[in-house]
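Full structure from sequences and hints, please.
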Amino acid sequence: MPVRTVREAAEALSVPEDQIIKSILLILDEEKPVLAIVPGHRRVDLGAVARLMGASRARLAKPSEVVHICGYPVGGLPPVGHARPLETIVDEEVLAKPFVFGGGGTDQCLLRIRPEDIRRLQGARVAKITR
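Note that this note's numbering has the sequence shown beginning at 25, numbered continuously upward.
It cannot be assumed that every hint is accurate.
[What the hints assert, rightly or not] Derived pair list, reagent style DSSO-like, types lysine-lysine, alpha-carbon separation capped at 30 angstroms:
id, residue 1, residue 2
1, LYS152, LYS121
2, LYS56, LYS152
3, LYS56, LYS86
4, LYS152, LYS86
[Said to hold, decoys possible] Derived Cβ-Cβ restraints for the label pairs, each shown as a range:
id, residue 1, residue 2, range
5, GLY99, ASP141, 20 to 26 angstroms
6, PHE123, ARG28, 18 to 24 angstroms
7, GLU32, GLY78, 33 to 39 angstroms
8, ARG149, PHE123, 18 to 24 angstroms
9, PRO97, LEU145, 17 to 23 angstroms
10, ARG83, ARG108, 17 to 23 angstroms
11, SER80, THR29, 27 to 33 angstroms
12, PRO109, PRO87, 18 to 24 angstroms
13, ARG138, SER80, 31 to 37 angstroms
14, PRO109, GLN132, 22 to 28 angstroms
15, GLY78, PRO122, 30 to 36 angstroms
To be clear, the hints were calculated from the coordinates, so they are not data collected in a lab.
The beta-carbon is built from N, C-alpha and C at its ideal position, and this holds for glycine as well.
Given below as structure tokens:
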């Protein structure tokens, strides 16, 4: 069964929405891709990411950019295992959970993973990047 929203994922797994993560590809200054990992019930703060990364602007990547850069479609983007290494920022709230669920490569798959493993595998920064 396809899972397209945080709510659908949480219901399918019988877990709270804050245990679902979103992997969001951002483009800084129209050239640099950065992966933001945020709790499912929060929104990424584009300004906070831009400031943290020393960029003047951050925007959401287009679906075609996500596939080209990461190798996965929007809605299935996992927090690890991309087509190429990606600079990654994990919101500090994600690290408070013993495990989380995120995209598993398609909208029909979810990945259970420890937030610390995301940080380690991606060499990710940890910061407050949500509002």
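The hints, checked one at a time:
1. The suggested pairing of LYS152 with LYS121 holds, with an alpha-carbon distance near 15 angstroms, which does not exceed 30 angstroms.
2. Taking the CA atoms of LYS56 and LYS152, the gap is near 20 angstroms; set against the 30 angstroms cutoff, the hint holds.
3. Straight-line distance between C-alpha atoms of LYS56 and LYS86 comes to about 13 angstroms, which keeps the hinted pair within the 30 angstroms bound.
4. Under the criterion of a C-alpha separation no larger than 30 angstroms, the hint pairing LYS152 with LYS86 is consistent with the structure, at around 24 angstroms.
5. A C-beta distance of roughly 22 angstroms is found between GLY99 and ASP141, which places it inside the suggested range of 20 to 26 angstroms.
6. For the pair PHE123 and ARG28, the beta carbons lie near 22 angstroms from each other, so the given range of 18 to 24 angstroms is met.
7. Against the hinted window of 33 to 39 angstroms, the Cβ-Cβ separation of GLU32 and GLY78 comes to about 36 angstroms, which satisfies the hint.
8. One distance hint, 18 to 24 angstroms for the beta-carbon pair ARG149 and PHE123, holds here, with the actual separation near 20 angstroms.
9. For the pair PRO97 and LEU145, the supplied restraint of 17 to 23 angstroms holds, since their beta-carbon distance comes to about 21 angstroms.
10. A hinted range of 17 to 23 angstroms for the beta carbons of ARG83 and ARG108 is consistent with their spacing of about 20 angstroms.
11. At roughly 31 angstroms, the beta carbons of SER80 and THR29 sit within the given window of 27 to 33 angstroms.
12. The beta-carbon spacing between PRO109 and PRO87, approximately 21 angstroms, falls within the hinted interval of 18 to 24 angstroms.
13. Separated by about 34 angstroms at the C-beta atoms, ARG138 and SER80 satisfy the suggested range of 31 to 37 angstroms.
14. The supplied range of 22 to 28 angstroms is met by PRO109 and GLN132, whose beta-carbon atoms lie about 26 angstroms from each other.
15. A hinted range of 30 to 36 angstroms for the beta carbons of GLY78 and PRO122 is consistent with their spacing of about 33 angstroms.
Every hint, counting from the list given before, is met by this structure.
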